[in-house]
Amino acid sequence: MADYDDFARAQLPRLLRYATMLTGEREQAADLVQDVLVKVYRHWSRISGADHPDRYVLRMVTNGYLSWRHSWSARVIASGDVPDEARADDFATDHAARDDMWQRLARLPKRQRAVMVLRYYEQLPDPEIAELLGCAQSTVRAHAHKALAALRNGLAIEQMAEARETG
Amino acid sequence: MNIENLIKDTFVAREHDAPDSDAVLAAARRRIDSRRSGLSRPFAVAAGATVLTLGAVTAVVLNRAGPAEHAQIAAPANGSQSSQAPTTTAPAAAGLKMPYSLGWLPPGSVAYRVHRVNVGFSADKPDVPLYGGEYMLTVTANNQVLEVDVQQMRMVSADRATFKSGPGQSVTINGQPGVESSVSTGPGGYELYVAHPDGGSMYVNVNAAPGSTAPAQQLVEAGRRIAENVQFPGTTTVTPRYGLRELPNGLRICAFDVEQGPSDPKMMTSYRLGTCTVQPTIFVNSGVGANVPTGAPGQPVQGHETRYVDENGYHQLWVLDAVDGVPIIIAGRVPQAELYDIANRLVLSQ
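In order, the protein sequences belong to chains V and S. Note that the numbering used here has the first sequence beginning at 143, numbered continuously upward. Note that the numbering used here has the second sequence beginning at 42, numbered continuously upward.
Be a bit skeptical, because a hint or two may be false.
Stated by the list, open to error - Calculated pairs, PhoX-like style, for lysine-lysine (alpha carbon to alpha carbon, straight line, at most 25 Å):
1. Lys252(V) to Lys49(S)
2. Lys252(V) to Lys288(V)
3. Lys181(V) to Lys288(V)
4. Lys49(S) to Lys288(V)
Said to hold, decoys possible - Label pairs and their calculated CB-CB ranges:
5. Asp63(S) to Gln265(V): 53 to 59 Å
6. Pro376(S) to Cys277(V): 29 to 35 Å
7. Ser209(V) to Ala182(S): 25 to 31 Å
8. Lys181(V) to Ala337(S): 27 to 33 Å
9. Glu273(V) to Pro376(S): 32 to 38 Å
10. Ser211(S) to Thr281(V): 36 to 42 Å
Read the hints as simulated data drawn from the structure, not as lab findings. Backbone N, C-alpha and C define an ideal beta-carbon position, used for all residues, glycine too.
Please build the complete structure, drawing on both the sequences and the hints.
In structure tokens form, the structure reads like this:
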């Protein structure tokens, strides 16, 4: 199974980063990817013969994330309370803005978060996201629309932009 | 900066949070090895539920090293610190002793899905095993079904708690700091991590089963009370499907798993054997169904046919039709003779 080891070593950094963006948490990402690696091993003869094994495994990670329900491995990151209404002072730095956005992302439903990660982190076009999630492109757009609306809600940079426009 | 750029920047800024590749690959490797023996995933969820009879059986005291898991934590109900001195090899066909007991559960009909002692490890010391007990059960009352998971998480401290549902709030349980989170709907229900004085935490999760509903406050009260009444050391014993007697060469039962199989009303049982100071190396597991491997026929064990498989030094001995028509698999990177030795110590009649 040298092929498997080579493949796993080559793909792992990307898969782990991707899983971290999906789950929002290091341990959970490690768990998720571990699960996938074990499955890949068991079905390596089939997966290695696929046209794009890397894309196949990316889908496995995505599906694993979407279907994971069980106890300790299915928790969403929560690093403190999220303010309902942010104040402009809180976001004087980009760092604070990103922290706030990270927590907002953590509160999204899983499919919406997956679309955000695939679109803005993996930078995949909507048709590829739809194929990866096994849904219609219109569904991807709907998830993205809802996610962006939720992320915008009460967001300081939007408020600050509005303030500048009306000021 | 528009919101889309902010999202991109947010993701990129978190790349450094990704886990270490080598550690994940090594952990996956260990799981692959354990699966070769037919073991189920340590934290697998058992489908369905059944009432597990905790009969009047003799408790087997596990011979694990390290007294940490036996220290009293959140609940000083009646226990005191216990070093739980190792016994000699015990007749494992008797009841297996849990490291802690649940002193209180919500009123109703209790159905246990899982009793187990997990094997975990910390990221910085992946070769050092950490053992922790876990209960998974349901409580049914007045058409309401609650799912309860209580887990000793030696590798996760309460201040690193993460939740399914959302942000956590500080709470104190029996003088120990903890973090809790609850939602009235959706995944998560009530979750609580309470610090363990010896490191790690206890995790309590109470939620309404799919198709059932429960007020958030009921889940909160139940979860807290369960945590308040966790009792170390444990007095609970669980009856395995089969046992082990008089283990050889300093081997000990380091961990076990007694859980309902996905299609089998009887409890599946698995053991992990070793010195317990390093990761267990021998796996003993009741198989699923009557599948027979394509290995070579081996010597009969206790009147049962066997099959022997060697996968590049990873040896499996299948004892066919061992319990209720299913095989028992003994596996590990150990000599063939050692597998036969253990097979002859199986206690198959219950």
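Outcome of the hint check:
no.	hint	verdict
1	Lys252(V) to Lys49(S)	18 Å, holds
2	Lys252(V) to Lys288(V)	12 Å, holds
3	Lys181(V) to Lys288(V)	33 Å, violated
4	Lys49(S) to Lys288(V)	17 Å, holds
5	Asp63(S) to Gln265(V): 53 to 59 Å	27 Å, violated
6	Pro376(S) to Cys277(V): 29 to 35 Å	52 Å, violated
7	Ser209(V) to Ala182(S): 25 to 31 Å	30 Å, holds
8	Lys181(V) to Ala337(S): 27 to 33 Å	28 Å, holds
9	Glu273(V) to Pro376(S): 32 to 38 Å	50 Å, violated
10	Ser211(S) to Thr281(V): 36 to 42 Å	40 Å, holds
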